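Asker: Chain by chain, the residues run as shown.
There are 4 protein chains.
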Amino acid sequence: MIKVGMVGAIGYGGRELMRLLMAHPEAELVAAVEVEGGKRLDEVLPQFQKLTDVTLETFDAASLAKRCDVVFIAVPGTVSMKLGAALREAGACVMDLGSDFRIKDPAAYAKYYGAEYTKPELALEAVYGHVPWHREELRSADLVAVPGCFPISVITPLRPLVQAVLPAVPVVVNSVTGVSGGGRALNEVFHFPTMNENIKAYKLAVHQHIPEIEQEIGGGTLVQFTPHVAPLTRGILSTIAFRPSASIDPAQVFSCYDEEPFVRVLPEGQLPDINQVRGSNFCNLGWKMDERTGNLMVVSCIDNLVGGTAGMGIQCMNVRFGLEERAGLKLPGMAP
Amino acid sequence: MIKVGMVGAIGYGGRELMRLLMAHPEAELVAAVEVEGGKRLDEVLPQFQKLTDVTLETFDAASLAKRCDVVFIAVPGTVSMKLGAALREAGACVMDLGSDFRIKDPAAYAKYYGAEYTKPELALEAVYGHVPWHREELRSADLVAVPGCFPISVITPLRPLVQAVLPAVPVVVNSVTGVSGGGRALNEVFHFPTMNENIKAYKLAVHQHIPEIEQEIGGGTLVQFTPHVAPLTRGILSTIAFRPSASIDPAQVFSCYDEEPFVRVLPEGQLPDINQVRGSNFCNLGWKMDERTGNLMVVSCIDNLVGGTAGMGIQCMNVRFGLEERAGLKLPGMAP
Amino acid sequence: MIKVGMVGAIGYGGRELMRLLMAHPEAELVAAVEVEGGKRLDEVLPQFQKLTDVTLETFDAASLAKRCDVVFIAVPGTVSMKLGAALREAGACVMDLGSDFRIKDPAAYAKYYGAEYTKPELALEAVYGHVPWHREELRSADLVAVPGCFPISVITPLRPLVQAVLPAVPVVVNSVTGVSGGGRALNEVFHFPTMNENIKAYKLAVHQHIPEIEQEIGGGTLVQFTPHVAPLTRGILSTIAFRPSASIDPAQVFSCYDEEPFVRVLPEGQLPDINQVRGSNFCNLGWKMDERTGNLMVVSCIDNLVGGTAGMGIQCMNVRFGLEERAGLKLPGMAP
Amino acid sequence: MIKVGMVGAIGYGGRELMRLLMAHPEAELVAAVEVEGGKRLDEVLPQFQKLTDVTLETFDAASLAKRCDVVFIAVPGTVSMKLGAALREAGACVMDLGSDFRIKDPAAYAKYYGAEYTKPELALEAVYGHVPWHREELRSADLVAVPGCFPISVITPLRPLVQAVLPAVPVVVNSVTGVSGGGRALNEVFHFPTMNENIKAYKLAVHQHIPEIEQEIGGGTLVQFTPHVAPLTRGILSTIAFRPSASIDPAQVFSCYDEEPFVRVLPEGQLPDINQVRGSNFCNLGWKMDERTGNLMVVSCIDNLVGGTAGMGIQCMNVRFGLEERAGLKLPGMAP
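Residue numbers (our numbering), protein chains in the order written: chain Y, 6 to 341; chain R, 6 to 341; chain X, 6 to 341; chain E, 6 to 341.
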């Protein structure tokens, strides 16, 4: 059994990773770190009652490194940098569900995150944990930057497209996320009577996932990324208008995913929805070429907390430790 | 008091128009036509109990024309053509909430609606009831094609932009609608356990509102329109990527709406949401210029059943009959 | 035009009252008091743009009393007592949407609200604004305690039943409210990802609406009141098990409401739902006698913010100032 | 590996059972029966793509009995009787997720289900699969009637209470279910715009789960059961008013569940909610004694499709075949 530590156990990413671990056949939760150190995990999160005896502890890099084969981190931005560095120094294998090790260019980090990037060497060491495109590097990685939720839904379809043909103008990406993407922090926007029956666009032109997406799709492509939030708890649907600068056969391009365990490409004209992926690690893709306008339209769906965060983290762990890649991730989408 | 008839009283558009009429100070419902003729309206729609004694009747053009100053129609496509023609022949002033009189080009109608267009002369006679751009024609119109819901949210921001500067590539429009936009007909997609916690894109590249939008914004502009449905009952939010072919000052362009009673343009960087317009006749606009990508981003919001259908119908009626334009439409957005 | 002041303009009760006033034909908002004094109302609540020029002001009892025919209050418990007393001293006619003047027995207030009751004489002066049962007193009332939302849904059916026959055991009342009943204050329970897809029972046996209900239904009846919150924004549905101590004819009992403008009693076996009342001032009642168990089951529905708060406040005002009782309240339930 | 057949694969109960099987370490889906026989399962339910190659087949009792260790049935009432009888004759071990084998008294079945009960001997043979109270019988059962969803949430708390002390008057049970409880059949009540933002009580005094509940709690107790449906997909919360005819110590009564793997009793005054159980097999209980009224209030929560149907079916299978009882059911509640 792979021994797993979770730093930041109460946030939505951490909870979800621990939830998946409860049913993982080859990995077990041995440590959960949170500021509420000293309380039983199931006292703070009652859904874990009768499932685990883990007690929350405060952060101690050496202890975690000693007891855990891998330590996941899910804490706010810039904090992750510090805890991750301490864990790496203590010799731990670290997988960060946050954003601190994803951006290779410190200037881009500073611009979009509004904070100095103090560990550029760690960002360079880190393997970007988008498994389909970094599987081989992950097998020996000791620092993994698990991708962001929006980026997974955008990079998966766009990377092979951009490699096949550059877009003529910036790619227009509209993503809609469930509210869990906003995390557990209280916020008037996410107060139920404000968010229910509402839809909001936000952070136009400045969202922090832009540099991550552009880094991973490559080709110097610009992305016009507009996130939205709608009244559902889980799921991301991204709609992409890609204007190819030359002709392209999307079915052939997407065949690169035929053997991927968690990427499913639908036949032309069929479109994915959240029901196909909720609670699962899948990323589903659909597409349609619009001959009238010259745009290739692509739609992708993930569960932002599983395929978009914790599930892909588990998949990275499975690859890194030579476990069956689908271990602990075999549930199909929960529908209804 | 203006006497109003409603043909198609039980569909969502008809219900909403009648709902607004209950509180209209200068108009009253005198006839409601539906296949359930003979039953009291409030037997079929109990929310009308203690508010009206109207009894549902079957369609009789002559009788309606005689008793009503204006007859609204809200029935399925192609049926509207026939009922509207009969009412016009009987001398009624007709306002159609459906799509049969909106498209001036019969070929476009046939292509997008998959049905022959049998009344091209009526389509040419009809005034497209987007009040801000057709107010003067409406004052004497006897046949009004009340605009579609998505189109109102798209034409309102795009028409003045396109008049100011043509876009360099097709405009990319992503719209998200509440489920009431799909009407009252049962459909597996709109079954609560299917639709709740879900988001769907649909009718990529072929939605029937495309020709209506392109007709009204003009300039030969192509629109890449992708509708989505999200788990809320009411509201449309449209996100528009407009790539100006020359420089433009959006604030100046949108100043054309300063005196419009139901269009509200927010300061740059502020974005509208459904809470601002739910249950009201307003169309709210926000925008942001993205210098990095060269795109102007615009976001618009309406209540699809009020500002997107019945409310604009009432506004057309108010203009046509010389009533105060805001009569019966004074409620602000219902939030929460 | 009746001139209305609103103290506590930003909370949900205050917003809703102002929203209804925008379309009221015989009353107008002339003052809105909130801590954000100095800002335009429509800057804080953008749904009011292009509808009112009112600027928020800070509390000044004398000024309000001078400029307003009636001042509504919607502020947190115990604050209302102070502001209401000051307004009464300044000579204003006061209608409180909160709970501070509803309970005649100071000991009950102290027990359920956990605060000392400092204005017992005002509670005695105040008319409890449940219009069907206090209409005559309201015509000359200068201090009105508008009832709570749950109580309206419970008192309306129970008061005539208890007057007809006492229950054999405590009446069991289960109410489910929409989340707007919890107000605008942020709270982990009402964070969208916590509340969505969830149902909660709360305050078992200790809810502060118990004494208000028992006071108004009379007969020394005990009520086992259990409130729940479900993932919808507006509406209350109360399910009542009443065990009559003698035989009873519910249809005859409820005939007392035949002429009430906003109470609608459905035929036996038909049940109300939120769709019948959303956005309206109605209280709908349905019932069924269960001969097998000996219980009379009653179900009632209101919109907690209209029929449950602001709408009944407007109705109280209409009665008090001799306006048409339904003025400003003519909209049927918004469905969908 | 236990080989499992699923008859009625497309309904919500069948889907959920197959979903859980995908991740079950000791059981596998080998046959799925549905009217769409001939299609691949993942063509009809795309969430199963890349997870199973099972092809839907039409019903053939002999073939299923031969290939499967256990056959689950999830089909409409009265159909189950016939298919179950055929499967039993063919020698299969049968577990029915429907209601046809739950009621021992044919007269009660006929009264509440409005259909003749043609297989009374099978109802007598069937073990009622409420695991905590029938575990020993289940070990050798060849026909299991998996309990209904509402009944699980009611029997779990009430059975030990009734055994400890009879209630003085009929127990009042109010249950609220998510909409998936209504199944996949289209119905105007469950159309998204009708059901969203709505709550409904239904089948007052006549719901078909009443005889099942009264049979299992025993003592001749009458239950005043009122089901409601609220706008969430999954989950049942039941609120129970139990008026003990003698004094009782609920903590002691509920200690019977200390070792149950899927029943969790909270300390007095703490209440469960759907977040604690969504997607899991748990039934959580909370309670409070109201000394003022003399009622014991109990609240219980389950996921109606897991703990309320498919999960308990899996648990029955695990017990019957000597697997680890928690196999395939180790996920905690999904929150958010």
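FYI, nobody ran anything at the bench for these hints, they're computed from the structure. Here the structure is a predicted model, which is why all the values come from computation and not from measurement. Honestly, I wouldn't trust all of these hints.
Identical copies carry no separate label here, and so any pair may be met within one copy or between two of them.
[As the list claims (entries may be wrong)] With a straight-line cut-off of 25 angstroms between C-alpha atoms, the simulated BS3-like cross-links for lysine-lysine are:
{"#": "1", "residue 1": "Lys-335", "residue 2": "Lys-109"}
{"#": "2", "residue 1": "Lys-44", "residue 2": "Lys-116"}
{"#": "3", "residue 1": "Lys-124", "residue 2": "Lys-335"}
{"#": "4", "residue 1": "Lys-116", "residue 2": "Lys-87"}
{"#": "5", "residue 1": "Lys-335", "residue 2": "Lys-55"}
{"#": "6", "residue 1": "Lys-124", "residue 2": "Lys-55"}
Asker: Would you list, in rising numerical order, the hints stated earlier that this structure does not obey?
Answerer: The structure breaks hints 1, 2, 3, 6; every other hint is satisfied.
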